[in-house]
Structure formats: structure tokens, C-alpha cells
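Visitor: Sequence:
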Amino acid sequence: QVQLVESGGGLVQAGGSLRLSCAASGSTFSSMGWYRQAPGKQRELVATISSGGMTNYADSVKGRFTISRDNAKNTVYLQMNSLKAEDTAVYLCNAVVGYLVPRQHWGQGTQVTVSS
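Per my numbering, the sequence shown starts with residue 2, numbered consecutively.
By construction, these hints were calculated from the structure, which means they are not laboratory data. Certain hints may be false.
[What the hints assert, rightly or not] No more than 25 Å apart at the CA atoms, straight line, and that leaves these computed lysine-lysine pairs for BS3-like:
(1) Lys-63 x Lys-42
(2) Lys-74 x Lys-42
(3) Lys-85 x Lys-63
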């Protein structure tokens with residue numbers, strides 16, 4: 002059974018930094034990443050990383066956030082710098098199993114609050 006355990010959220014002032022971690026177990030993952038959902042808004046992609054290290058970022062976080070992955074530990078990280086109030090959201094870890102018929106798995110989410 003796939004399990005995703007997130008950590009690292011919290012409250013930070015604007016301009017500060019946080020690092021999120023997501024430890025996955027129960028399978029191997031073709032892609033891992035982070036999404037976020039703010040109150041009253043749709044869930045949106047933040048960043049993803051393939052098993053080979055290819056990354057993809059939302060335009061709103063490019064240059065500020067860095068996604069990385071430790072395949073040996075099945076763990077994905079999100080280093081968030083220069084945080085803004087609009088980054089406030091619940092951040093959800095995502096892991097994809099398979100390629101031809103991909104299956105999505107989600108963590109429970111971790112709250113990131115940026116005070117202005």
C-alpha cells in the first residue's frame with residue numbers, strides 16, 4: 002500500500018524559507034511532486050520531478066522553489082525561498098506509480114502560511 006508522509010510546513014515571514022519533505026513507501030514512483038491548494042481556489046501544480054531528475058515548475062515559483070528527489074529513500078523535497086503571502090496554502094505531496102496507466106497517490110497535506 003502506498004503511503005506518503007509529508008513534513009516541514011509551518012509559519013514563516015515573507016521573504017523567508019521553508020523546506021518540505023515527503024517520504025513515500027509501498028512502490029516505486031515514476032514521478033513525484035508537490036501541488037498546493039489555497040482556500041477557495043483550485044489545486045495547482047507547484048513542481049514535479051521524474052525518476053530521472055527532470056523537473057517542471059509553475060511559473061509563479063520558478064527561481065524561488067527547488068524540487069529534488071532521493072530515489073534511494075523514495076523522498077522528494079521542496080526548498081522554498083523568498084516566500085510570499087500568496088504562497089500560503091496546503092501543500093500536497095503527489096506520487097505517480099506506473100507509466101502506461103499512471104496511478105496518482107496523495108499525501109495528507111501540510112500547511113504553509115506566509116505572513117506579510
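Visitor: Hints first: check each against the structure and report whether it holds.
Guide: Verification of the supplied hints:
Among the hinted pairs, Lys-63 with Lys-42 is consistent with the structure: their alpha-carbon atoms are about 20 Å apart, no more than 25 Å. Pair hint Lys-74 plus Lys-42 does not hold up; C-alpha atoms about 32 Å apart against a cutoff of 25 Å. In summary, the hint linking Lys-85 to Lys-63 is supported, as the alpha carbons are separated by about 13 Å, within the 25 Å threshold.
Hint check: a violation occurs at hint 2 only; the rest are consistent with the structure.
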